[in-house]
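These are the residues of each chain, in order.
Number of protein chains: 2
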Amino acid sequence: MSKEIVRTERTKIRRIPKRGSFERETIYKILDEAFVCHVGFTVDDQPFVIPTSYARIGDRLIIHGSSASRMMRTLGWEKPICVTVTLIDGLVLARSAFHHSMNYRSVVIFGKAKLISDEQEKIAALEALTEHIVPNRWPEIRPPNELELKATTVLSLPIEEASAKIRTGSPVDAEEDYDLEVWAGVIPLKVKAESSIADEKLKKEISIPAYISGYKRA
Amino acid sequence: MSKEIVRTERTKIRRIPKRGSFERETIYKILDEAFVCHVGFTVDDQPFVIPTSYARIGDRLIIHGSSASRMMRTLGWEKPICVTVTLIDGLVLARSAFHHSMNYRSVVIFGKAKLISDEQEKIAALEALTEHIVPNRWPEIRPPNELELKATTVLSLPIEEASAKIRTGSPVDAEEDYDLEVWAGVIPLKVKAESSIADEKLKKEISIPAYISGYKRA
Chain Z
7 MSKEIVRTER TKIRRIPKRG SFERETIYKI LDEAFVCHVG FTVDDQPFVI
57 PTSYARIGDR LIIHGSSASR MMRTLGWEKP ICVTVTLIDG LVLARSAFHH
107 SMNYRSVVIF GKAKLISDEQ EKIAALEALT EHIVPNRWPE IRPPNELELK
157 ATTVLSLPIE EASAKIRTGS PVDAEEDYDL EVWAGVIPLK VKAESSIADE
207 KLKKEISIPA YISGYKRA
Chain U
7 MSKEIVRTER TKIRRIPKRG SFERETIYKI LDEAFVCHVG FTVDDQPFVI
57 PTSYARIGDR LIIHGSSASR MMRTLGWEKP ICVTVTLIDG LVLARSAFHH
107 SMNYRSVVIF GKAKLISDEQ EKIAALEALT EHIVPNRWPE IRPPNELELK
157 ATTVLSLPIE EASAKIRTGS PVDAEEDYDL EVWAGVIPLK VKAESSIADE
207 KLKKEISIPA YISGYKRA
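As you go down the protein sequences, you meet chains Z and U in turn.
At position 157 of the first sequence (counting the first as 1) the number is 163 in the numbering used here, and the numbers step up by one without a gap.
At position 168 of the second sequence (counting the first as 1) the number is 174 in the numbering used here, and the numbers step up by one without a gap.
These are calculated hints, taken from the structure and not from any lab test.
All values reported here derive from a predicted model rather than from experimental measurement.
Mixed in with the good hints, there may be bad ones.
One copy or any two copies: either way a pair holds, since identical chains are not told apart in the list.
Unchecked claim - Derived lysine to aspartate or glutamate pairs resembling EDC-like cross-links, with alpha carbons at most 20 Å apart: (1) K35 to E211; (2) K35 to E167; (3) K18 to E187; (4) K85 to D50; (5) K156 to E133; (6) K118 to D50; (7) K207 to E181; (8) K24 to D50; (9) K196 to E39; (10) K209 to D50; (11) K18 to D50; (12) K207 to E187; (13) K196 to D95; (14) K207 to D183; (15) K198 to E146; (16) K118 to E206; (17) K198 to E39; (18) K222 to E200; (19) K207 to D179; (20) K207 to E152; (21) K85 to D51; (22) K209 to D51; (23) K118 to E146; (24) K207 to E182; (25) K156 to E10; (26) K198 to E133; (27) K118 to D183.
Next comes chain Z alone, as it looks inside the complex (with noise of 0.2 Å):
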């Protein structure tokens, strides 16, 4: 079973604690939906925000990138970092510019990242890594070699000290502006997939998948 959540002063919701939650399974559903986070980490002082997919296996987040890169340099040295999942709902439109907001569920995750050097439980990573954006795509596509293999790094961070944060709903105005004559409410927002673009380079005679052409988010 999973360990519980730590709660540090860390990941303390500060603002509007109500909106908060340390709940593994509200964390891992947000975590699950998304597939972009955004990795901070800092050089000499110099904090950076790196956006990059993402998959998520049990209690670890995995990453990868070019061995090359700055971050994947960086974060191998099992250094703090932060990384940040953020799903956009919708804008909440209020009576008041003060109360104006969005709906949102984002997640926070604190820890160092372990670098994955077992080639097995590398590829595993890299699977899981495109299974998590493209369901069903890892069966018909090449594997890595080991150039290729050599030319990633993946790191795993463990979901240890970790909160969501959401908003829901329609607005929430100051009394004395419900009688104002402002429409309110929402507008909600989603990430659609549009018809798929085949590649000028693709065969002919291949047709298009259904898990491509049924492409869904969430």
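Since the structure of chain Z is already known, use the hints to place chain U on it.
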């Protein structure tokens, strides 16, 4: 006229430099389309990455938050920060696992944010934040009062040391993989607004303005 973007060791595009840009026009186009950034800052060697909305006024990025929040209290100290904006345009499906990628447009800005304390400048910044996310909204809503202004910290980050990184188009496979019997191409992704949901407390006679019913990103 805008000062030239400063190119530094930090904004150097190390991986695939042809995807990089230091043009203000390219950087601003991305900043003007997106509306959520991830702000990175460091407290006691621990990086934090927090999602928040933003606006651009000329050559400055504006962010705001509760005066009580950890981020706003920290950034007010003029510490080095990193602000990253990411738009995901599509999933790039190659014939090999290794060449899978994403189409994206991202901007990274390094610098120190300054507190906006002048009241008129602060209100103008809040107007820019609202109008950036929902154009035409500001003239309709109740503007912030004294207490609300006090409870809100607004920061301005000069866009001086910044870069954009962009990937577009088809997968690029290894020459020998083009013969494989694998579908390859791009699944485009778009953020779309769905039908707005009126607040249940909305007065019956208030109809939905065109800038909300016709809301679109980009």
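How the hints compare with the structure:
1. Within a single copy, K35 and E211 get their C-alpha atoms no closer than 38 Å, and across copies no closer than 39 Å, so neither meets the 20 Å cut-off.
2. In the homo-oligomer, the alpha carbons of K35 and E167 lie at most 20 Å apart inside one protomer (16 Å), although the nearest pairing across protomers, at 36 Å, exceeds that limit.
3. With identical chains, the CA atoms of K18 and E187 are never at most 20 Å apart, being 38 Å at best within one copy and 51 Å at best between copies.
4. For the homomeric pair K85 and D50, the shortest alpha-carbon distances inside one copy (12 Å) and between copies (13 Å) are both at most 20 Å.
5. In the homo-oligomer, the alpha carbons of K156 and E133 lie at most 20 Å apart inside one protomer (16 Å), although the nearest pairing across protomers, at 50 Å, exceeds that limit.
6. In this assembly of identical chains, the alpha carbons of K118 and D50 lie at most 20 Å apart whether taken from the same copy (17 Å) or from different copies (15 Å).
7. Taking CA atoms no more than 20 Å apart as the test, K207 paired with E181 passes between copies only; the shortest distance there is 11 Å, against 61 Å inside one copy.
8. In this assembly of identical chains, K24 and D50 lie within 20 Å of each other by CA distance neither inside one copy nor across copies; the values are 36 Å within and 27 Å between.
9. Both within a single protomer and between protomers do K196 and E39 lie at most 20 Å apart by alpha-carbon distance, with minima of 12 Å and 16 Å respectively.
10. In the homo-oligomer, the alpha carbons of K209 and D50 never lie at most 20 Å apart, since the shortest distance is 50 Å inside one protomer and 55 Å across protomers.
11. Within a single copy, K18 and D50 get their C-alpha atoms only as close as 26 Å, which misses the 20 Å cut-off; across copies the closest is 16 Å, which meets it.
12. For the identical chains of this complex, K207 and E187 are inter-copy neighbours only, at 12 Å across copies versus 57 Å inside a copy, given an alpha-carbon limit of 20 Å.
13. When the C-alpha separation of K196 and D95 is checked against a cutoff of 20 Å, the pair qualifies both within a copy, at 6 Å, and between copies, at 13 Å.
14. Proximity of K207 and D183 under a CA criterion of 20 Å is satisfied inter-copy only: 11 Å between copies versus 59 Å inside one chain copy.
15. Proximity of K198 and E146 under a CA criterion of 20 Å is satisfied in neither setting, with 24 Å inside one chain copy and 30 Å between copies.
16. When the C-alpha separation of K118 and E206 is checked against a cutoff of 20 Å, the pair qualifies neither within a copy, at 42 Å, nor between copies, at 45 Å.
17. Both within a single protomer and between protomers do K198 and E39 lie at most 20 Å apart by alpha-carbon distance, with minima of 13 Å and 17 Å respectively.
18. For the homomeric pair K222 and E200, the shortest alpha-carbon distances inside one copy (9 Å) and between copies (16 Å) are both at most 20 Å.
19. Proximity of K207 and D179 under a CA criterion of 20 Å is satisfied inter-copy only: 10 Å between copies versus 55 Å inside one chain copy.
20. For the homomeric pair K207 and E152, neither the shortest alpha-carbon distance inside one copy (26 Å) nor that between copies (62 Å) is at most 20 Å.
21. For the identical chains of this complex, K85 and D51 are neighbours both inside a copy (12 Å) and across copies (9 Å), given an alpha-carbon limit of 20 Å.
22. Neither within a single protomer nor between protomers do K209 and D51 lie at most 20 Å apart by alpha-carbon distance, with minima of 51 Å and 52 Å respectively.
23. Taking identical chains as interchangeable, the C-alpha atoms of K118 and E146 are never at most 20 Å apart, the minima being 33 Å within one chain and 47 Å between chains.
24. In this homomeric assembly, K207 and E182 come within 20 Å of each other (Cα to Cα) only across copies, at 13 Å, whereas the closest approach inside a single copy is 62 Å.
25. Taking CA atoms no more than 20 Å apart as the test, K156 paired with E10 passes in neither setting, with 35 Å inside one copy and 39 Å between copies.
26. For the homomeric pair K198 and E133, neither the shortest alpha-carbon distance inside one copy (24 Å) nor that between copies (30 Å) is at most 20 Å.
27. Taking the shortest Cα distances, K118 and D183 never come within 20 Å of each other, neither inside one copy (47 Å) nor across copies (36 Å).
Violated hints for the displayed structure, listed by number in ascending order: 1, 3, 8, 10, 15, 16, 20, 22, 23, 25, 26, 27.
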